[in-house]
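Based on these hints, arrange chain B on the given structure of chain A.
Single-letter residue listing:
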Amino acid sequence: MTDDNERRFEELFGYYRRVVGFFRHHGHSDEDARDLAQEVYVRVFEHMDTYRGEAKWNYLEQVARRIALNAFRDRNAAKRKADLVSDEKLANVEDASVVPADVALERQALSHRLGTAIEQLDLNLRICVLYYLQGFSYHEIEQTLGLSESTLKSRLHDARKRLKQLLGDDLAEFGGDS
Amino acid sequence: MISKPDWDVAGRDWIAAGRERVPPPTPEKIEALFLGSLPQAEADRLREQLAYYPEMVRVMTDPVPLDVGADLPEEEVAADLERIRRQINAPFAAAVRTPSRRRSPSWSFVATAAAIALLALGGIAVLLHSRSESIPRSTKILYADGDRGGTTRGAAGQPPIELTAGTEYLLKLVFWPERPYRQYRLELVDAGMTPPRSIWNRNGVQRERDGSYPVELAGDELKPGRYRLILYGVQERPELLATYSIRVYAK
Chain A
25 MTDDNERRFE
35 ELFGYYRRVV
45 GFFRHHGHSD
55 EDARDLAQEV
65 YVRVFEHMDT
75 YRGEAKWNYL
85 EQVARRIALN
95 AFRDRNAAKR
105 KADLVSDEKL
115 ANVEDASVVP
125 ADVALERQAL
135 SHRLGTAIEQ
145 LDLNLRICVL
155 YYLQGFSYHE
165 IEQTLGLSES
175 TLKSRLHDAR
185 KRLKQLLGDD
195 LAEFGGDS
Chain B
1081 MISKPDWDVA
1091 GRDWIAAGRE
1101 RVPPPTPEKI
1111 EALFLGSLPQ
1121 AEADRLREQL
1131 AYYPEMVRVM
1141 TDPVPLDVGA
1151 DLPEEEVAAD
1161 LERIRRQINA
1171 PFAAAVRTPS
1181 RRRSPSWSFV
1191 ATAAAIALLA
1201 LGGIAVLLHS
1211 RSESIPRSTK
1221 ILYADGDRGG
1231 TTRGAAGQPP
1241 IELTAGTEYL
1251 LKLVFWPERP
1261 YRQYRLELVD
1271 AGMTPPRSIW
1281 NRNGVQRERD
1291 GSYPVELAGD
1301 ELKPGRYRLI
1311 LYGVQERPEL
1321 LATYSIRVYA
1331 K
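Residue numbers (this note's numbering), protein chains in the order written: chain A, 25 to 202; chain B, 1081 to 1331.
Errors might be hidden in some of the hints.
Said to hold, decoys possible - Chain B regions said to be covered by chain A (calculated; three or more residues, Cβ under 8 angstroms):
id, stretch
1, 1086-1096
2, 1107-1119
3, 1124-1137
4, 1140-1148
5, 1151-1159
6, 1267-1281
Said to hold, decoys possible - Heads up, simulated DSSO-like pairs for lysine-lysine below, C-alpha to C-alpha not over 30 angstroms straight-line:
id, chain 1, residue 1, chain 2, residue 2
7, B, K1303, B, K1331
8, B, K1252, B, K1331
9, B, K1303, B, K1109
10, A, K177, B, K1109
11, A, K177, A, K188
12, B, K1220, B, K1252
13, B, K1252, B, K1109
14, A, K80, B, K1220
15, B, K1303, B, K1252
16, A, K185, B, K1084
17, B, K1220, A, K103
18, B, K1252, B, K1084
19, A, K177, B, K1331
20, B, K1084, A, K188
21, B, K1084, B, K1220
22, B, K1220, B, K1331
These are computed hints drawn from the structure, not numbers from a lab.
Source: prediction; values computed, not measured.
Using N, Cα and C, we set each Cβ at its ideal position, and we do this for glycine too.
Okay, chain A solo, but in the shape it has when bound (with noise of 0.2 angstroms):
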């Protein structure tokens, strides 16, 4: 490494604290969260040459953007291998646990009516109703759909009013604000 290379790279040793924070911020434990600050600076090495030295945070936070993405990815494709595991061993065992058959099937279908009603929505209410449902903030909503809250707020509204059309009054209460 060149001594100028060294100098850069140190300074940008000087947030490891905050690149660590970044991982734990984003759910993962201390020690995934330090190994993976340690691939940010492995990676940030091997492209030295192309760092002009400005923005450390902001390209410290794109590169620990990257590994966390392709990290999640990793997760989420070793966890349906899991899953795929899981459920070749679940179907010779008994639970406790386990939702009555009955209650799992009424809940599936549920799942399914609204699915299938969901599906039917147009691209731009269906996406505004897919966040709303994963817990979204108004705010995060917008922010990544880049919707004013006017808009957002009266996609939501035609959404619901499409899907009491498509589910009729047991949809009373769903997504409502009171």
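Frame of chain A, contents of chain B only:
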């Protein structure tokens, strides 16, 4: 009447089931979405896809409090720095050497050792050379993948360009941006890795008068597999312009 909590549970169940059929988007696509560089239709599709993965959305949008890592003890920070240094010291110090140095006889041994070390680490050393530094043996014209709607010129659905390992190429990436950019940037992604991983990038790529972006590729450093070259236009921030699929075959 079905209660609101029951509907909420039904909604969450439906979204959870959705994750089984909708895969998480790639980081490259997500970054392009948040940079505003995707065509509207693609951006909408991606937003819908992302709705199933709120964790990924929050990685892009959540401001991180300043003090969340402040309690990490000094000795652990020092230990982590040591681990990082161990990872990057020898092999990467050699890998970042400029291509011209690699080509001089006095550096050939170092470059070979670096390449072996990188391969041993599962990495790939990709060396791009300025046109004056080597004579390419084969010229290939690359058209954009055609998977980016109206912003990508070139034939839609282009199959990957086929290269042979061990051969030097002059790649001419063809793309006409809707407006000129201050500079252009290229990134090479190993598409065979899960997830795909960036293995090289270069700023300051020049655009020729014929609309191409010439870049020389030392195929002897690429192992057989699938890759993507990604072209960015840089004004204030990089904007994804086009991607080019490459398949490298063994000699």
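Results for each hint:
A stretch counts as covered by a chain when three or more of its residues have a beta carbon under 8 angstroms from one of that chain; for the stretch 1086-1096 of chain B and chain A the count is 10, and the coverage holds. Proximity of the stretch 1107-1119 of chain B to chain A, defined as three or more residues with a beta carbon under 8 angstroms from a beta carbon of that chain, is established by the 3 residues found. For the stretch 1124-1137 of chain B, the proposed coverage by chain A is satisfied: 11 residues have a C-beta within less than 8 angstroms of a C-beta in that chain, meeting the threshold of three. Coverage of a stretch by a chain is defined here by at least three residues with a beta carbon nearer than 8 angstroms to that chain's beta carbons; for the stretch 1140-1148 of chain B and chain A the count is 8, and the condition holds.
Proximity of the stretch 1151-1159 of chain B to chain A, defined as three or more residues with a beta carbon under 8 angstroms from a beta carbon of that chain, is established by the 3 residues found. Under a criterion of three residues with beta carbons nearer than 8 angstroms to beta carbons of chain A, the stated coverage of the stretch 1267-1281 of chain B is upheld, 5 such residues being counted. With a C-alpha separation of about 10 angstroms, the suggested pairing of K1303/B with K1331/B holds against the 30 angstroms cut-off. Taken as a hint, the K1252/B and K1331/B pair is honoured in the structure, with Cα atoms around 22 angstroms apart against an allowance of 30 angstroms.
Of the pairs offered as hints, the one joining K1303/B and K1109/B holds, with about 25 angstroms between alpha carbons and a cut-off of 30 angstroms not exceeded. The hinted pair formed by K177/A and K1109/B meets the criterion: a straight-line CA distance of about 27 angstroms does not exceed 30 angstroms. With a C-alpha separation of about 16 angstroms, the suggested pairing of K177/A with K188/A holds against the 30 angstroms cut-off. Restraint check for K1220/B and K1252/B: satisfied, since their Cα atoms lie roughly 6 angstroms apart, inside the 30 angstroms limit.
For the proposed pair K1252/B and K1109/B, the alpha carbon gap of about 24 angstroms is at most 30 angstroms, so the pair holds. As the CA atoms of K80/A and K1220/B are separated by approximately 38 angstroms, the hinted pair breaks the 30 angstroms bound. For the hint linking K1303/B to K1252/B, the alpha-carbon distance of about 21 angstroms falls within 30 angstroms, and the restraint holds. Our distance criterion of 30 angstroms between C-alpha atoms is met by K185/A and K1084/B, whose separation comes to about 16 angstroms.
A C-alpha spacing of about 41 angstroms is found between K1220/B and K103/A, which places the hinted pair above 30 angstroms, so the restraint is violated. At roughly 58 angstroms between alpha-carbon atoms, K1252/B and K1084/B are farther apart than 30 angstroms, so this suggested pair is violated. The suggested pairing of K177/A with K1331/B is violated, with an alpha-carbon distance near 60 angstroms, which exceeds 30 angstroms. With a C-alpha separation of about 13 angstroms, the suggested pair K1084/B and K188/A falls inside the 30 angstroms cut-off, and the hint holds.
Among the hinted pairs, K1084/B with K1220/B is inconsistent with the structure: their alpha-carbon atoms are about 60 angstroms apart, more than 30 angstroms. The straight-line distance between the Cα atoms of K1220/B and K1331/B is roughly 17 angstroms, inside the 30 angstroms bound, and the hint therefore holds.
Hints 14, 17, 18, 19 and 21 from the list above are not met by this structure, while the remaining hints are.
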